[in-house]
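Based on the provided sequences and hints, a complete structural model is requested.
There are 2 protein chains.
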Amino acid sequence: MADFTLMRTLHQPAETKMVLLVMDGVGGLSVTPGGPTELEAANTPNLDRLAAEGTLGQTIPVRPGITPGSGPGHLALFGYDPVTYDVGRGVIEASGVGMKVGKGDVAARGNFCTVDSSGKIVDRRAGRISSKDARPLVERLDAIELPGVQIDVRVLREYRFGVVMRGDGLAPHIHDTDPLETGLPPLEAVASDPDSQPTADLVNAWVKEARKTLADETRANALTLRGFSTNPHLPQFDEIYGLNAACVAVYPMYKGVAHLVGMEVHPFDGESPDDEFAAAAAIWSAHDFFFIHIKKTDSLGEDGAFDKKAEMIEKVDAALPDLLDLSPDVLAVTGDHSTPARMKYHSWHPVPVLLWAPATARSDGQTHFGETACSQGGLGTFQAPDLMPLMMAHANRLTKYGA
Amino acid sequence: MADFTLMRTLHQPAETKMVLLVMDGVGGLSVTPGGPTELEAANTPNLDRLAAEGTLGQTIPVRPGITPGSGPGHLALFGYDPVTYDVGRGVIEASGVGMKVGKGDVAARGNFCTVDSSGKIVDRRAGRISSKDARPLVERLDAIELPGVQIDVRVLREYRFGVVMRGDGLAPHIHDTDPLETGLPPLEAVASDPDSQPTADLVNAWVKEARKTLADETRANALTLRGFSTNPHLPQFDEIYGLNAACVAVYPMYKGVAHLVGMEVHPFDGESPDDEFAAAAAIWSAHDFFFIHIKKTDSLGEDGAFDKKAEMIEKVDAALPDLLDLSPDVLAVTGDHSTPARMKYHSWHPVPVLLWAPATARSDGQTHFGETACSQGGLGTFQAPDLMPLMMAHANRLTKYGA
Numbered sequence: 376m377a378d379f380t381l382m383r384t385l386h387q388p389a390e391t392k393m394v395l396l397v398m399d400g401v402g403g404l405s406v407t408p409g410g411p412t413e414l415e416a417a418n419t420p421n422l423d424r425l426a427a428e429g430t431l432g433q434t435i436p437v438r439p440g441i442t443p444g445s446g447p448g449h450l451a452l453f454g455y456d457p458v459t460y461d462v463g464r465g466v467i468e469a470s471g472v473g474m475k476v477g478k479g480d481v482a483a484r485g486n487f488c489t490v491d492s493s494g495k496i497v498d499r500r501a502g503r504i505s506s507k508d509a510r511p512l513v514e515r516l517d518a519i520e521l522p523g524v525q526i527d528v529r530v531l532r533e534y535r536f537g538v539v540m541r542g543d544g545l546a547p548h549i550h551d552t553d554p555l556e557t558g559l560p561p562l563e564a565v566a567s568d569p570d571s572q573p574t575a576d577l578v579n580a581w582v583k584e585a586r587k588t589l590a591d592e593t594r595a596n597a598l599t600l601r602g603f604s605t606n607p608h609l610p611q612f613d614e615i616y617g618l619n620a621a622c623v624a625v626y627p628m629y630k631g632v633a634h635l636v637g638m639e640v641h642p643f644d645g646e647s648p649d650d651e652f653a654a655a656a657a658i659w660s661a662h663d664f665f666f667i668h669i670k671k672t673d674s675l676g677e678d679g680a681f682d683k684k685a686e687m688i689e690k691v692d693a694a695l696p697d698l699l700d701l702s703p704d705v706l707a708v709t710g711d712h713s714t715p716a717r718m719k720y721h722s723w724h725p726v727p728v729l730l731w732a733p734a735t736a737r738s739d740g741q742t743h744f745g746e747t748a749c750s751q752g753g754l755g756t757f758q759a760p761d762l763m764p765l766m767m768a769h770a771n772r773l774t775k776y777g778a
Numbered sequence: 376m377a378d379f380t381l382m383r384t385l386h387q388p389a390e391t392k393m394v395l396l397v398m399d400g401v402g403g404l405s406v407t408p409g410g411p412t413e414l415e416a417a418n419t420p421n422l423d424r425l426a427a428e429g430t431l432g433q434t435i436p437v438r439p440g441i442t443p444g445s446g447p448g449h450l451a452l453f454g455y456d457p458v459t460y461d462v463g464r465g466v467i468e469a470s471g472v473g474m475k476v477g478k479g480d481v482a483a484r485g486n487f488c489t490v491d492s493s494g495k496i497v498d499r500r501a502g503r504i505s506s507k508d509a510r511p512l513v514e515r516l517d518a519i520e521l522p523g524v525q526i527d528v529r530v531l532r533e534y535r536f537g538v539v540m541r542g543d544g545l546a547p548h549i550h551d552t553d554p555l556e557t558g559l560p561p562l563e564a565v566a567s568d569p570d571s572q573p574t575a576d577l578v579n580a581w582v583k584e585a586r587k588t589l590a591d592e593t594r595a596n597a598l599t600l601r602g603f604s605t606n607p608h609l610p611q612f613d614e615i616y617g618l619n620a621a622c623v624a625v626y627p628m629y630k631g632v633a634h635l636v637g638m639e640v641h642p643f644d645g646e647s648p649d650d651e652f653a654a655a656a657a658i659w660s661a662h663d664f665f666f667i668h669i670k671k672t673d674s675l676g677e678d679g680a681f682d683k684k685a686e687m688i689e690k691v692d693a694a695l696p697d698l699l700d701l702s703p704d705v706l707a708v709t710g711d712h713s714t715p716a717r718m719k720y721h722s723w724h725p726v727p728v729l730l731w732a733p734a735t736a737r738s739d740g741q742t743h744f745g746e747t748a749c750s751q752g753g754l755g756t757f758q759a760p761d762l763m764p765l766m767m768a769h770a771n772r773l774t775k776y777g778a
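Quick mapping for you: the protein sequence lines, in order, are chains A and B.
If you're matching positions, the first sequence starts at 376 in our numbering and goes up one per residue.
If you're matching positions, the second sequence starts at 376 in our numbering and goes up one per residue.
A portion of the hints provided could be inaccurate.
[What the hints assert, rightly or not] Using 30 Å as the maximum straight-line C-alpha spacing, the simulated DSS-like pairs for lysine-lysine come out as follows:
#1 B:Lys-775 <-> A:Lys-719
#2 A:Lys-495 <-> A:Lys-507
#3 B:Lys-775 <-> A:Lys-690
In case anyone wonders, no lab produced these hints; they're calculated from the structure.
This is the structure:
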């Protein structure tokens, strides 16, 4: 398990560059017993070469059998035990679009939805309206004024938006208002402790105003809120590891987690693996740690698209030479969790990891980056928060412990 | 390590059925270096098919290098860290024959023994007298009356009996009275703390009466006591996992542990694997979790009977189709510890585990259920209390952790 005391005490400066390449939800399942997983079915000559030169293993993101959400999955990869550091979705996503969540502020993630004339939800995602269509609606929400509190609203992506409440005496222990199925109305905000009741009252007052201003919309005529949370004030990457870390990611969720641990989040154009590696190249000299996030492996897993997920992995593999041209000293390729296409959902299965470091990695006889090879790899099966210390070590960034 | 908070928070209802099939002491050792273990020597076509379809691994029941007793071994399989939950043998065995051990009661396990005219033990098991022969003796012990305490006695099996003391101010910190070798007299009951001294005095007074009533017996003319303990009030299976669990076991020890964690213990006729699987079939619709305990793999290991232990494993394998006909969604096959015939004793060696779940298990390229294959399996080497969360996950009984 991660021990920041050791990292804080032992980290040392070095000229080395480290890359953590996360293919979201990369772990999979075979469709037939003994058949290949998505990763094993993919033709990945570059990753296989790195596998042969480096060391394989598999990680447990949270605990054995526990299926991680994206927040816990990424916190674990960054070295934070996700059970100790329980960070809410609201603050992660709001941070991901640059909203400041200060001390005492409460953040939430909002979804536009469509309700019928009786107020029951008929579409939980408001027809997946575009970011462009959402923007004027969000501006109207942002303009709502309530006494005693300032409520900022910003588009996240498509039908999703971030909400940050600022004021005195706010508290975040409020249940989600999404009933999680159609045919039911959005729920009232309900506090789970007395300290949060005034905040829940404010939320309900705000939602009432919001519903008025959305009333004439055909698709986004209502909303739900989830992940009420405050800034967890996580220990920061530079202080723990002595790293000047950068984030290259497309989606707010991942930018948000990276921001909360103290990474610099870099904007860039495009969203293909090539675009992301180009973005890393553009800032290569300014940082020593690069978190690069590939989203679509997860989305395609959730769609149940086995072949397309394998093809997405092949696209990452094909783009990899551009990343390798930058000559990273340590490259870890892994996922934040498994998303088997067969299950169409995140899962608890261990996550394959490839640790490549030409100067320091011990090769383990494995020659293909896949689940079975990783389960027999030289790193063994380990808790995901231990990956950062392993990367640090392979980058010559940790001194000896004890005499 | 087990974290009941996660289980309590994340468990969700499902229609799935889970089976934990424990072959007691199944782990073994080869007789010659590189040779097969008992499990590897056994011809197990059914288990091997499940191994090919499912995932293998090996468990550490307590901590690396620690040899577990049966109590800790089973508590670990049920998800309880056996170092945190230290449950005495007395309460386990008494519970296993339906004796109520209430708050403040003290339980112990008794053994009849044979002493010579000088009071020294010549047979620590009283010639292994039968349960039938023990019954009238136990009735005489049960009839002994002492002021200030009620002492109930019941036959466990053969020369073993359970003792439960009820009264005010009892405390369980009393050393075992079995000297563990012949040629020595049974020990006095000695308290290990001042609070337990009155109870030790009561025990000694009771043993004095018991010796009087047994004085004319030729075999069971004395007794020893061990495992003084109180009810640990363990967290219950339904509350932790949301499971309605059943126990199918022959011996009181295992029924006792199952009862203490809240399983319903089902009586049935016979004691072969076929009988036990038939017993599970008879209650299949009434429960969602089935703990089935096979004792003889352990007994034969303790006898040093390598071939017979392998044959016993083959009998379980041959009976397995009856269990599979019930269509469990998750089947874990493992042991509570290793009992290598070569050592004739429990051991600390990791325990092979096979996790089969047709809808959700990740196959790992292993095709035989044996120690070497398990050490290279996809589950890796893990703490035994993590098996329950893994079974729960594979049964779709855990929701996602975090957003």
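Here's how the hints hold up against the structure:
1. Taking the CA atoms of B:Lys-775 and A:Lys-719, the gap is near 13 Å; set against the 30 Å cutoff, the hint holds.
2. Of the pairs offered as hints, the one joining A:Lys-495 and A:Lys-507 holds, with about 26 Å between alpha carbons and a cut-off of 30 Å not exceeded.
3. A threshold of 30 Å between alpha carbons decides the hint, and for B:Lys-775 with A:Lys-690 the separation of about 29 Å falls inside it, so the pair holds.
Going through the hint list in order, the structure satisfies each hint without exception.
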